[in-house]
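Colleague: What follows is each chain in one-letter form.
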Amino acid sequence: DGGITQSPKYLFRKEGQNVTLSCEQNLNHDAMYWYRQDPGQGLRLIYYSQIVNDFQKGDIAEGYSVSREKKESFPLTVTSAQKNPTAFYLCASSSTGPSIMNTEAFFGQGTRLTVV
Amino acid sequence: AQTVTQSQPEMSVQEAETVTLSCTYDTSENNYYLFWYKQPPSRQMILVIRQEAYKQQNATENRFSVNFQKAAKSFSLKISDSQLGDTAMYFCAFMRWGGSEKLVFGKGTKLTVNP
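Sequence order for the protein chains is V and Z. Heads up, the first sequence is in the numbering used here, so the first residue is 1 and it goes up one at a time. Heads up, the second sequence is in the numbering used here, so the first residue is 1 and it goes up one at a time.
Chain Z with its partners taken away, still in its complex shape:
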């Protein structure tokens, strides 16, 4: 069974600085997706970034980028130039591709951006 681990329950960062959130996962699959979702106080889940396991290049979306280390089963999220609106819960998630597409989440990291 796949598991996703986020080892940082809470983190804080000053506005305009950079922060990295950690995520590790356990799977025997070779084809899968990894995601970072953001959940602001409104509780709406918003996709931040997606990584396909077969792609070696790390995904980037504006101020958000990942460091995907397939052999180490690590998938960290870097937020550059942090903004107050980045304050939210961040969830790392795993989805197997091409079979039973069960979507599994980590327990989340609560990020606070301070002014």
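With the rest of the complex left out, here is chain V:
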């Protein structure tokens, strides 16, 4: 079945450590996104990518980094520079382009990151 997979579901990080969240999709989507969700804040865009080897900063990119070496994969690294990383992280993908009709974003099940 096609879909988008995030791992792990729960992740614990010590202060000062970098940690990488995995996101893989087999939907053949060009676009992928990372969002952070905090209570009362909705979904805030961290990074997005529309094509392999290219990505753009979203609204809250500071303290995060991404790569897009393969179409299927868009890992997110939470660095030690992110001062308040405890949150729920969602990855999404979508089809893109002016010829694409009925597009929608498909989401993974999320990763809950906690700093201990």
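One should not assume that every hint holds.
Facing chain V, from chain Z, some residues (calculated, C-beta under 10 Å) [to be verified]:
1) 4
2) 6
3) 9
4) 39
5) 42
6) 43
7) 46
8) 47
9) 70
10) 91
11) 95
12) 97
13) 103
14) 105
15) 106
Short derived list, chain V residues pointing at chain Z, Cβ under 10 Å [said to hold, decoys possible]:
16) 41
17) 50
18) 96
19) 104
20) 105
Hints were generated in silico from the structure; no laboratory data involved. Every value quoted in this text rests on a predicted model; they were computed, and no experiment measured them. Think of the CB as a built atom: it goes at the ideal place given N, C-alpha and C, for glycine as much as any other residue.
Given chain V, work out where chain Z should sit, using these hints.
Modeller: Frame of chain V, contents of chain Z only:
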């Protein structure tokens, strides 16, 4: 930059009744998509309904329908015959079409359906 505003942080409705969730957005684009996503306690995001901006007809999906007012930049969601399973966070979202497909969300409305 596009922004999406949901002015109702929380709402409640009695089972079997109708409720409307509000959403406004700001954009200078002419071609775009609007979405309503549902996030139940499992936190899985589920697409409820989609509207293409070039379509004048309001989208409907079973008990869910929208009131799309392009000139007013308004996109409300109506849930008819509310069910307990409709209890969830609801997010309105905007995606520009045919260019930089950045997907932008509002802050959400927490809907509770009471028995």
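Colleague: None of the hints should be skipped; say for each whether it holds.
Modeller: For each hint, the structure was consulted:
Interface restraint check: residue 4 (chain Z) against chain V, minimum CB-CB distance 9 Å, threshold 10 Å, status holds. Annotation: residue 6 (chain Z) was flagged as interfacial toward chain V, and the flag holds, the nearest CB pair being 8 Å apart, inside 10 Å. Interface hint at residue 9 (chain Z): satisfied, since its Cβ lies 7 Å from the closest Cβ of chain V, which is below the 10 Å cut-off. With its C-beta approaching chain V no nearer than about 9 Å, residue 39 (chain Z) sits inside the 10 Å limit, and its interface hint holds.
Restraint check, residue 42 (chain Z) versus chain V: the minimum CB separation of about 8 Å is within 10 Å; hint holds. Checking residue 43 (chain Z) against chain V: minimum C-beta separation of about 5 Å stays under 10 Å; hint holds. Because the closest C-beta pair between residue 46 (chain Z) and chain V is about 8 Å apart, less than 10 Å, the hint holds. With its C-beta approaching chain V no nearer than about 5 Å, residue 47 (chain Z) sits inside the 10 Å limit, and its interface hint holds.
A hinted interface residue such as residue 70 (chain Z) counts as satisfied when its beta carbon comes closer than 10 Å to some beta carbon of chain V; here the least separation is about 18 Å, so the hint is violated. Of the supplied interface hints, the one on residue 91 (chain Z) holds, with its beta-carbon coming within about 6 Å of a beta-carbon of chain V, less than 10 Å. A cut of 10 Å between beta carbons decides the hint on residue 95 (chain Z): the least distance to chain V is about 7 Å, and the hint holds. Against a cut-off of 10 Å between C-beta atoms, the interface hint on residue 97 (chain Z) holds, since the closest Cβ of chain V lies about 7 Å away.
Because the closest C-beta pair between residue 103 (chain Z) and chain V is about 5 Å apart, less than 10 Å, the hint holds. Against a cut-off of 10 Å between C-beta atoms, the interface hint on residue 105 (chain Z) holds, since the closest Cβ of chain V lies about 4 Å away. Given hint, residue 106 (chain Z) at the interface with chain V, holds; its Cβ is 6 Å from that chain's nearest Cβ, closer than 10 Å. About 6 Å separates the beta-carbon of residue 41 (chain V) from the nearest beta-carbon of chain Z, less than 10 Å, and the hint is met.
The beta carbon of residue 50 (chain V) comes within 6 Å of a beta carbon in chain Z, closer than 10 Å, and the hint placing it at the interface holds. Look at residue 96 (chain V): its Cβ gets to within about 5 Å of chain Z, closer than 10 Å, so that hint holds up. About 5 Å separates the beta-carbon of residue 104 (chain V) from the nearest beta-carbon of chain Z, less than 10 Å, and the hint is met. Interface restraint check: residue 105 (chain V) against chain Z, minimum CB-CB distance 5 Å, threshold 10 Å, status holds.
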